[in-house]
Every structure is written in structure tokens, then in C-alpha cells.
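Let the sequences and hints guide you as you build the complete structure.
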Amino acid sequence: AQKVTQAQTEISVVEKEDVTLDCVYETRDTTYYLFWYKQPPSGELVFLIRRNSFDEQNEISGRYSWNFQKSTSSFNFTITASQVVDSAVYFCALSEARSGNTGKLIFGQGTTLQVKP
Amino acid sequence: ETGVTQTPRHLVMGMTNKKSLKCEQHLGHNAMYWYKQSAKKPLELMFVYNFKEQTENNSVPSRFSPECPNSSHLFLHLHTLQPEDSALYLCASSQDVISGRRTDTQYFGPGTRLTVL
Chain A
16 AQKVTQAQTE
26 ISVVEKEDVT
36 LDCVYETRDT
46 TYYLFWYKQP
56 PSGELVFLIR
66 RNSFDEQNEI
76 SGRYSWNFQK
86 STSSFNFTIT
96 ASQVVDSAVY
106 FCALSEARSG
116 NTGKLIFGQG
126 TTLQVKP
Chain B
34 ETGVTQTPRH
44 LVMGMTNKKS
54 LKCEQHLGHN
64 AMYWYKQSAK
74 KPLELMFVYN
84 FKEQTENNSV
94 PSRFSPECPN
104 SSHLFLHLHT
114 LQPEDSALYL
124 CASSQDVISG
134 RRTDTQYFGP
144 GTRLTVL
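Residue numbers (the numbering used here), protein chains in the order written: chain A, 16 to 132; chain B, 34 to 150.
Simulated from the structure, these hints should not be mistaken for lab results. There is no bait here: all hints are sound.
With a straight-line cut-off of 35 Å between C-alpha atoms, the simulated DSBU-like cross-links for lysine-lysine are:
hint: 1; chain 1: A; residue 1: K18; chain 2: A; residue 2: K85
hint: 2; chain 1: A; residue 1: K131; chain 2: B; residue 2: K74
hint: 3; chain 1: B; residue 1: K55; chain 2: A; residue 2: K119
hint: 4; chain 1: B; residue 1: K52; chain 2: B; residue 2: K85
hint: 5; chain 1: B; residue 1: K52; chain 2: B; residue 2: K74
hint: 6; chain 1: B; residue 1: K69; chain 2: A; residue 2: K53
hint: 7; chain 1: B; residue 1: K52; chain 2: A; residue 2: K53
hint: 8; chain 1: B; residue 1: K73; chain 2: A; residue 2: K85
hint: 9; chain 1: A; residue 1: K18; chain 2: B; residue 2: K73
hint: 10; chain 1: A; residue 1: K53; chain 2: B; residue 2: K73
Among chain B residues calculated to face chain A with C-beta under 7 Å, some are:
hint: 11; residue: P75
hint: 12; residue: L78
hint: 13; residue: P143
hint: 14; residue: G144
Please read these numbers as outputs of a predicted model, since none were measured by experiment. Virtual Cβ for every residue (Gly too), placed ideally from N, Cα, C.
So this is what it looks like as C-alpha cells:
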């Protein structure tokens, strides 16, 4: 069965600290996609990254970086030099690419990040 | 700007009322989704439409009735709701994928915050 676990419910850091949000997933498929979304207080989920199961290269985008490790079924997200505007709920999600799949996203419970000035 | 709009942003209704949520996407996508986000629960997929055809109903009670008149618009008609239906209702869209494998990124609207009294 597919499952996404974000064990950290809430994280609080002080501005400029680095913070890592953990994501562990379960799937029996060999082809799948992983996502991270940010949900600020306004409610809208903002897409951050999409990674397929065949690409284990880490990715960096500005202050954001992602570490994908199939061996541990993890897809962790690090924010470097955090800022107050990074305060939000962050969701990790999984989609299996089986033929006929509707693209259903399985979301983790979310991690609430609070960055204090 | 995600290109997915939802109206109204906030809605308060009694259990005997009938109301509708509207979602519109301006991204040229062919698939649209309704999600429910309750407090302290992961996002739950409700319905999926692909090229106006419903492809998934995730065991949603019949008091929620979706309608997709075209690929750009999605409605959720509500009637005789219960207080436990109070939640944030999110709409999303994605580009359809060739060969039946839908693995595209889903882009979300800002949501409708629904309160059922």
C-alpha cells in the first residue's frame, strides 16, 4: 500500500537557521513520483518540486534543496538560511505511475514550519 | 500565480442549505480534482475528472455532487451537509498524460473554507 509519513508535526527555528523536513514513503511500484508542496496561511498549495523514481540526483533551487534516497525511501527537503516567509505547512506527496492510475496523490500529514525573526 | 481560481473563498451554510463551490483553471489542463482538507487530517482526494469524465470517486457521500461541464470548470454541489463536513476544499488541475499514465504535477487553487452550522 502507498503511504507517506512526515514524522515531524511542527518545527520551530530562528531566522537564518537551516532546517530539514523529513519525508518517508512506501510503495510497491518501481515507477513513481514524489512531490513537495508548500501551504502558506492563505491556504493555497504551492508546488515546489516533482521527482521521478529513476532520478536520484539531489536538486538545489536557491535556498531549497532536496535529497532523494531510494535505499531508505526518503525524500527530504532542506531550507538553508530560513526566512520568516518560509513559515508554512509543507506536504510531501507520492503518485504511482501505473497504467490507468488517475494520478492520485497520496499526501503526508504535513509539517508546520515556524520561522521566528 | 497558479492559474486555478476558486469561489467563494469562504462559505458558511446551514445543514439544510444547498450551495455550490466553483473552480476554474486557466492553464489549458484536461484533468481536474477536488480535495478535502480537514483539521489534523491529510488531504483527501474526493473526485477526479479527465476530459470532463469522472474517473475517480473516492467513496464520497452523495451529499457532495461534482459537475464538470468542460475541462476548465469544476463545481461541487453541496446539500444537507453535516458539521463534520466543515473543511478546506481544494481544487487542482493537471495536464493529461499520454498513454494513460497520469503523472503530471497538480496545481492547486486557494481553496474554499466551508463551515457547516
